[in-house]
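Just need the whole structure built from these sequences, with the hints factored in.
Respectively, the protein sequence lines represent chains A and B. Position 63 of the first sequence, counting from 1, maps to 62 under numbering that gives the first Met the number 0, and the rest follow consecutively. Position 67 of the second sequence, counting from 1, maps to 66 under numbering that gives the first Met the number 0, and the rest follow consecutively.
These aren't lab readings, by the way, just hints derived from the structure by calculation. Possibly wrong hints are sitting among the right ones.
To be verified - Cβ pair distances, simulated, as ranges:
hint, chain 1, residue 1, chain 2, residue 2, range
1, B, Val83, A, Asp105, 29 to 37 Å
2, A, Asn161, B, Ile75, 15 to 23 Å
3, B, Asp54, A, Asp113, 51 to 59 Å
4, B, Val83, A, Ser465, 46 to 54 Å
5, A, Pro33, B, Pro38, 42 to 50 Å
6, B, Ile75, A, Ala117, 41 to 49 Å
7, A, Gly422, B, Thr57, 45 to 53 Å
8, A, Arg112, B, Thr57, 42 to 50 Å
9, B, Asp54, A, Met277, 22 to 30 Å
Fair warning: this is a prediction, and the values are worked out from it, not measured in the lab. Quick reminder that beta carbons are idealized off the backbone N, C-alpha and C, glycines included.
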Amino acid sequence: MSASGRILSDVRRSRRPLRLLGASGQLGYGIPTPGFNAGMARKPDLIGCDMGSIDIGPTYLGKGEMATAPEATRRDLRKVLLGARQLDVPLVIGSAGSAGAAPHLDATLAMLRDIARADGLRFRMAVIRADLARPMLLEASRDGRIVSFDDMPPLTDDDITNAAHIVGQMGTGVFRRALEADVDVVIAGRACDTGIFAALPMLLGFPAGLAMHMAKIIECGSLCCVPGGRDPILAELDDDGFVLESTNPERRATPTSVAAHSLYEQSDPFTVHEPEGMLDLTNARYEAVDDRRTRVSGAIWHDTDSPTIKMEGALLIGQRAVLLAGAADPRFIAQSKEILPKLSDLVRDLVCEDQPQDYTLRWRVYGVDGVRMVVPANEPPPGEVFIMGECIAPTRERASEVVRTCKQYLLHFGYPGRLSTAGNLAFPFTPPEVSLGPAYRFNVYHLLKVSDPDALFPMEIETLPS
Amino acid sequence: MKLSDLAQVIRSKNSGPRRLTLDVMFATDADYQRVAQSPALGAEAVGELYGVPADQVTVIPYPAGRAIKIVLARKIMAGDPGDVDVYGAQQHAPLLGVEL
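Below, the structure written as structure tokens:
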């Protein structure tokens with residue numbers, strides 16, 4: 000019997016609390032070994048890791064690349080895989096490879112197979128894909144089953160056809176199905192982080208509200224503690240609540256720190272919307288067990304009769320190149336808001352001599368308005384600034400041409416009162432122009448109404464070594 | 000007194016690529032109550048700081064976390080051309096100097 004089958008049958012035979020280890024909120028950036036080993040010593044019933052997020056922006060989804068470094072990702076995967084196999088407990092990983100589309104999942108699977116071979120591991124693995132088929136989406140769109148939220152413009156057929164990748168965030172049901180298939184490892188494409196930890200307790204009949212609330216907290220590791228951090232976290236769940244404890248003795252899960260965590264990256268601290276329903280935290284209670292453990296209870300789960308899947312898609316918008324430079328001349332800094340548009344016009348006249356403008360060019364002046372979305376009036380000018388020019392053009396060569404031309408003409412741009420006639424810019428190194436490759440934007444961030452939220456996500460079982 | 004003199008945490012982050020969420024947390028219930036009851040972090044005042052109409056600002060008091068949550072629409076979707084802060088993690092700055 001495999002790990003999930005064993006845990007399910009053990010706990011069904013002899014009811015007891017479940018202990019879960021949230022090993023990483025972002026697998027691939029390193030899991031502190033002392034904390035992981037401390038978690039292992041407590042013999043958890045499941046090891047879970049979240050591997051992705053939409054926060055990282057559209058380019059990883061579009062390009063099909065991981066945000067994390069391959070060597071670090073492999074090291075983390077090996078650590079959690081060896082740990083789970085040693086304890087013979089399920090390892091559950093969601094949002095494989097940062098963005099959870101086919102190339103991300105496949106790259107993660109290749110690493111897992113490689114680790115299994117090198118370490119001589121044998122296990123059964125459920126693989127769940129999150130890519131959404133274009134014909135199905137076009138039909139859903141025609142049937143009015145794709146809806147906008149957060150003021151996103153309506154989805155067009157072109158959006159569906161042209162996006163580089165479109166994934167759906169799978170819900171808890173898909174993870175339940177995988178754990179019921181008697182496996183040692185579950186690896187999922189783009190997924191709601193709750194499914195990783197809530198599926199096993201829900202299969203065993205623990206209250207869904209508690210299981211989902213616990214999952215929502217421990218998917219971030221020890222972030223719910225003071226001081227918050229990346230160490231793994233333990234949760235022990237019974238029928239009336241769960242107790243949280245960081246695996247790092249210096250991190251304390253206090254009632255306030257845990258309660259405050261439900262604010263994190265959420266629009267509403269009282270409700271969490273999931274594909275299959277809504278988690279209501281209005282009556283959640285947080286009580287100290289001791290100075291570094293908190294017991295949580297009171298969350299209520301409401302099933303919905305109109306399930307929705309949140310979709311994410313990224314569209315290629317061109318090739319990006321940037322110019323990186325600094326300046327320390329007060330007159331140049333004071334006039335930069337006038338100089339940069341004039342420079343943009345000058346460059347356009349040069350690079351568009353025999354073709355229309357086919358690129359966008361943007362300037363950010365760090366120290367003035369590079370970071371803030373709104374800048375207060377009448378701020379004193381800074382002593383020095385960092386200037387970034389960003390071009391998005393149809394080809395890499397074209398983007399590079401634009402920023403290289405910018406560099407030379409901004410260096411020598413004449414403006415009223417100029418004293419520094421040998422050059423306006425300081426380059427920390429040369430070349431100061433960098434080609435960043437393809438640029439993407441999110442063109443799909445919509446809800447898909449479905450009757451069966453699990454049916455979109457096909458599962459395969461793989462036995463290793465194959 | 001400025002908000003940054005009283006609050007324990009003042010932070011911002013995306014809540015999805017189209018929303019920005021600001022959390023202000025306090026060390027004591029008294030500090031929390033003082034700010035929760037003041038108009039300094041009301042929808043009007045915050046909208047003015049961030050250049051959005053008050054009806055697009057949601058302010059949610061959260062006593063269990065001794066916190067006030069504010070949600071705003073992002074003018075530019077995270078990662079779109081022209082965005083300045085893909086994670087939205089540095090948009091708390093306008094709150095620091097709010098006078099109480």
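Hints versus structure:
Distance hint for Val83(B) and Asp105(A): a CB-CB separation of about 33 Å, consistent with the stated range 29 to 37 Å. At about 21 Å, the CB distance of Asn161(A) to Ile75(B) agrees with the hint of 15 to 23 Å. Look at Asp54(B) against Asp113(A): about 54 Å separates their beta carbons, and that is inside 51 to 59 Å. Between Val83(B) and Ser465(A) the beta carbon distance is about 47 Å. The supplied range of 46 to 54 Å therefore holds.
Roughly 47 Å separates the CB atoms of Pro33(A) and Pro38(B), a value that falls within the hinted 42 to 50 Å. Distance hint check: the CB atoms of Ile75(B) and Ala117(A) are about 45 Å apart, consistent with the given range 41 to 49 Å. A hinted range of 45 to 53 Å for the beta carbons of Gly422(A) and Thr57(B) is consistent with their spacing of about 49 Å. The beta-carbon spacing between Arg112(A) and Thr57(B), approximately 47 Å, falls within the hinted interval of 42 to 50 Å.
As the Cβ distance of Asp54(B) to Met277(A) is approximately 25 Å, the hint placing it in 22 to 30 Å holds.
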